[in-house]
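Engineer: Chain order of the listed sequences is A and B. Mapping the first sequence onto our numbering, position 30 (from 1) lands on 30, and the numbers just tick up by one. In short: position in the second sequence from 1, add 1000, done, that's our numbering.
Treat the hints with caution; some may be incorrect.
The calculated SDA-like cross-link candidates involving lysine to any residue, where the alpha carbons are at most 25 Å apart (straight line), are [said to hold, decoys possible]: (1) B:Lys1126 to A:Lys199; (2) A:Lys54 to B:Ala1151; (3) A:Lys54 to B:Lys1243; (4) A:Lys404 to B:Lys1243; (5) A:Lys130 to A:Lys217; (6) A:Lys54 to B:Lys1126; (7) A:Lys404 to B:Ser1010; (8) A:Lys263 to A:Ile302; (9) B:Lys1149 to A:Ile302; (10) A:Lys18 to A:Lys54; (11) A:Lys235 to A:Lys263; (12) A:Lys407 to A:Glu62; (13) A:Lys69 to A:Gly147; (14) B:Lys1101 to A:Lys106; (15) B:Lys1149 to A:Lys235; (16) A:Lys407 to A:Val375; (17) A:Lys199 to B:Ala1100; (18) B:Lys1149 to A:Ser29; (19) B:Lys1126 to A:Lys230; (20) B:Lys1243 to B:Ala1100; (21) A:Lys199 to B:Gly1264; (22) B:Lys1101 to A:Ala280; (23) A:Lys217 to B:Pro1176; (24) A:Lys230 to A:Ser174; (25) A:Lys54 to B:Asn1191; (26) B:Lys1107 to A:Lys217; (27) A:Lys130 to B:Tyr1186; (28) A:Lys199 to B:Lys1243; (29) A:Lys54 to B:Met1084; (30) B:Lys1101 to A:Glu62; (31) A:Lys54 to B:Thr1169; (32) A:Lys407 to B:Ser1138; (33) A:Lys106 to A:Lys162.
By construction, these hints were calculated from the structure, which means they are not laboratory data.
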Amino acid sequence: MSILGGVLNKIVGGKSGKIVLQGLIDLGSESMTAPLCQDIDGDGEQEIICSTIKGEIFVLDENLKLKWKYISAPTTSEVERMFTDAQTGSSIATTPRVFDINGDGKKEILFGTENGDVFALDCKGELLWKYSTNGAVRGGINIFYVGEEKKIRIIFGNSDKKIYIFDAKGKLDSLIEIDEGIESTPIIIDGLIVFGTDKGRIQAYNLAGKMQWSTQKTGAKITSEATPFKFANGKSCFVIGSTDNSIYCFNTEGIMLWSFKTKGSIYSKIVLADVNDDGANEILFGSADNKLHVLSLDGTEIWDFESDFWIIGSPLAMDIDNDGQLEIVAGSYDNTVYFLAGDGSFVVDYVPGISGIVIQGGNYSDIPVSIPGNVIGKKIWAYLAPGIVIGCSALRNLVVVQTKEGKVLILKHEK
Amino acid sequence: MSNELILDASQIKRIKTYIKGLDENMQGGIPEGHIVLIHGSAGTMKSSLCFSMMYNEVLLNKRNCLYISLEQSYASILKNMVNMGFDMSKINIIYMNDLAKFGTLVKQINQNAGNLIITDIGCVRKQIKDIKVSENKSWLNVVKNIILKTAQEANVNFFTFDSLSALYTLSTFENPRMELFYFFEYLRDLNMTSLMISEESEDKANIFGSESFLSDGIITLRLTPFRRNIIREISISKMRSTKCNTDVFSFEFKNGSFYALYGGQNPLL
């Protein structure tokens, strides 16, 4: 499509239909995590996995019917429980991870709690193992393979200033002592464990537990998980958000390639997707500046979209209306789920032939050689949820929405 | 939280201070659900005043009350009150100093009998000094859990916290104003009438200064030199939803009762 054709399409092109509610269930407890949709039992149907601040795991079928529920009873004594917040002491603060850790062809569910316990459940909700730590497990759990034998290792950070590494049976393999608490989810990239700390450092350790590099302390907590990617030259990099309002792009040698500052804290994992169909991934993330930001891989902002309140959860890039183009789905603390055009929309400075839109001075050519104007976020649809939208997940071409108040919704596009 | 709309001032329920001469000057007492700072320097009878209010509520209104002491021991509090003439045999006192048994004990309390529950955190601290208090385990949570359990299980809706100053030395607050705000909101959600003892520091300023803005009321106690005497004084510096006389009164204890005298006038010595 020519530049002119593309511009006109973005200006006048609209999408039809609407977003409607397909189903809703109330978990009965507040939630802090986005839902997760995965086929954990291998039956070809996806399950929806939700968690609550009471330490409950709910597994629902695609019709929101409860398949099973697990209550993660704390292993701490009554005295120790008196020292934890009664309202959030058992809370699950990060979306559980699912992975086939025991090679049985079905996926297990792993999650940590504020009480410091880590649980591994099988696909039917039976406890496989649990491990108790002295701190809080607020970040997520990651799973990776080590060595030529490709042994499974399970890794997570803890407020007790340690990185824990387990084998698949829940046996502690190694501990890495850190100077600061960890709420972010560690990732493995090029043989390095990379994570952010509660004091705002980004650090990399090798698997033997030796620090390879660290950034300076900013004092602002890093809660998000790093998102790895490779540049065209094959070099590994990652992007990570911080509550100091910035996202940072580093290579695996600890050199910062760029940073991008917003006006609000960034809590969730950054998403990569080619939302404008230009052949390269874009960087998508929400911020407590109320905006969803879309950047190119070099850190240049392409467009943003402003909601009425914080966007905390990770956005989704999916084709909800089956038209072959990606939409971006972002949940906001303003109780709304926004559906945005992946390629944004132009604020037109001047377009030949339709110059009545905006008149500006300058020399014009009838054939534009560059994009005339700025790209902004383009809202296609919005759905008002019954509460604060914590996060969303894609269930094929449906959207599963979790509210803070404990409601789970399935939204669909209807023509 | 009690969110009932009040359409008439007479609908505001109040808890008496049992200070003769003061309740009459504040529409009968402190509105229920208020968080009130009892502020003053050492020796101004802050703890005694709060204990007296709870004692009388238990005795006269069969209310279940909670007194949380962070530093002064249970024995020391009682000795002081007995010496002032309070007859402890007239009320039911429940002493709790074992966190491991707290949940069980609190379930056995008769919700309507009128009990004064005293929790001696100082004693608890000695007993569990071996427990590692990590970043997510705080003494403020202990206090909140005690309040929550007594509110839920024993219908406690009036409590004294002795003292905020001790809490500041016991816990690390990264953002004091915000954490205090959430603590106060927590109490308001429980509709807990709260007396928060706040000690005046040597430089005459609160450590954080946030309490006064976040609270619903402030009763100030002070020691004032007068001729060759030190006299105690009391005044209401702030009381939301209350028409009150803000005069400074002499604060005296005699014949088993507290008195607020000579409002706005020099005391007769």
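Engineer: Each hint: holds or not?
Structural biologist: Cross-check of the supplied hints:
With a C-alpha separation of about 32 Å, the suggested pair Lys1126 of chain B and Lys199 of chain A falls outside the 25 Å cut-off, and the hint is violated. As the CA atoms of Lys54 of chain A and Ala1151 of chain B are separated by approximately 20 Å, the hinted pair is consistent with the 25 Å bound. Note on Lys54 of chain A and Lys1243 of chain B: the hinted pairing is violated, with a Cα-Cα distance of about 43 Å set against a maximum of 25 Å. A hinted pair counts as satisfied when its Cα atoms are at most 25 Å apart, and Lys404 of chain A with Lys1243 of chain B does not qualify at roughly 40 Å.
Distance hint between Lys130 of chain A and Lys217 of chain A is unfulfilled; the C-alpha atoms sit about 33 Å from each other, more than 25 Å. Restraint check for Lys54 of chain A and Lys1126 of chain B: the C-alpha separation of about 31 Å exceeds 25 Å, so the hint is violated. A distance of roughly 38 Å separates the Cα atoms of Lys404 of chain A and Ser1010 of chain B; the hinted pair therefore is violated under the 25 Å criterion. Only pairs whose Cα atoms come within 25 Å are accepted, and Lys263 of chain A paired with Ile302 of chain A is accepted, the gap being roughly 17 Å.
With a C-alpha separation of about 53 Å, the suggested pair Lys1149 of chain B and Ile302 of chain A falls outside the 25 Å cut-off, and the hint is violated. Distance hint between Lys18 of chain A and Lys54 of chain A is unfulfilled; the C-alpha atoms sit about 35 Å from each other, more than 25 Å. Between Lys235 of chain A and Lys263 of chain A, the direct Cα distance comes to roughly 30 Å. Violation of the 25 Å bound is thereby established for this hinted pair. For the hint pairing Lys407 of chain A with Glu62 of chain A, the CA-to-CA distance comes to about 15 Å; that is within 25 Å, so the pair holds.
Note on Lys69 of chain A and Gly147 of chain A: the hinted pairing is violated, with a Cα-Cα distance of about 36 Å set against a maximum of 25 Å. The hinted pair formed by Lys1101 of chain B and Lys106 of chain A fails the criterion: a straight-line CA distance of about 43 Å is larger than 25 Å. Taken as a hint, the Lys1149 of chain B and Lys235 of chain A pair is broken in the structure, with Cα atoms around 56 Å apart against an allowance of 25 Å. A C-alpha spacing of about 34 Å is found between Lys407 of chain A and Val375 of chain A, which places the hinted pair above 25 Å, so the restraint is violated.
Proximity of Lys199 of chain A to Ala1100 of chain B is assessed by CA-CA distance (about 34 Å); at most 25 Å being required, the pair is judged violated. Between Lys1149 of chain B and Ser29 of chain A the CA atoms are separated by roughly 19 Å; this keeps the pair inside 25 Å, and the hint holds. Straight-line distance between C-alpha atoms of Lys1126 of chain B and Lys230 of chain A comes to about 56 Å, which puts the hinted pair past the 25 Å bound. A C-alpha spacing of about 44 Å is found between Lys1243 of chain B and Ala1100 of chain B, which places the hinted pair above 25 Å, so the restraint is violated.
With a C-alpha separation of about 53 Å, the suggested pair Lys199 of chain A and Gly1264 of chain B falls outside the 25 Å cut-off, and the hint is violated. A distance of roughly 61 Å separates the Cα atoms of Lys1101 of chain B and Ala280 of chain A; the hinted pair therefore is violated under the 25 Å criterion. Under the criterion of a C-alpha separation no larger than 25 Å, the hint pairing Lys217 of chain A with Pro1176 of chain B is consistent with the structure, at around 22 Å. Distance hint between Lys230 of chain A and Ser174 of chain A is unfulfilled; the C-alpha atoms sit about 29 Å from each other, more than 25 Å.
At roughly 23 Å between alpha-carbon atoms, Lys54 of chain A and Asn1191 of chain B fall within 25 Å of each other, so this suggested pair holds. Restraint check: the Cα-Cα separation between Lys1107 of chain B and Lys217 of chain A comes to about 48 Å, which exceeds 25 Å; the hinted pair is violated. Distance hint between Lys130 of chain A and Tyr1186 of chain B is unfulfilled; the C-alpha atoms sit about 32 Å from each other, more than 25 Å. At most 25 Å may separate the alpha-carbon atoms for a hinted pair to count; Lys199 of chain A and Lys1243 of chain B exceed this at roughly 48 Å.
Distance hint between Lys54 of chain A and Met1084 of chain B is unfulfilled; the C-alpha atoms sit about 47 Å from each other, more than 25 Å. A threshold of 25 Å between alpha carbons decides the hint, and for Lys1101 of chain B with Glu62 of chain A the separation of about 45 Å lies outside it, so the pair is violated. The suggested pairing of Lys54 of chain A with Thr1169 of chain B is violated, with an alpha-carbon distance near 30 Å, which exceeds 25 Å. Taking the CA atoms of Lys407 of chain A and Ser1138 of chain B, the gap is near 31 Å; set against the 25 Å cutoff, the hint is violated.
Under the criterion of a C-alpha separation no larger than 25 Å, the hint pairing Lys106 of chain A with Lys162 of chain A is inconsistent with the structure, at around 30 Å.
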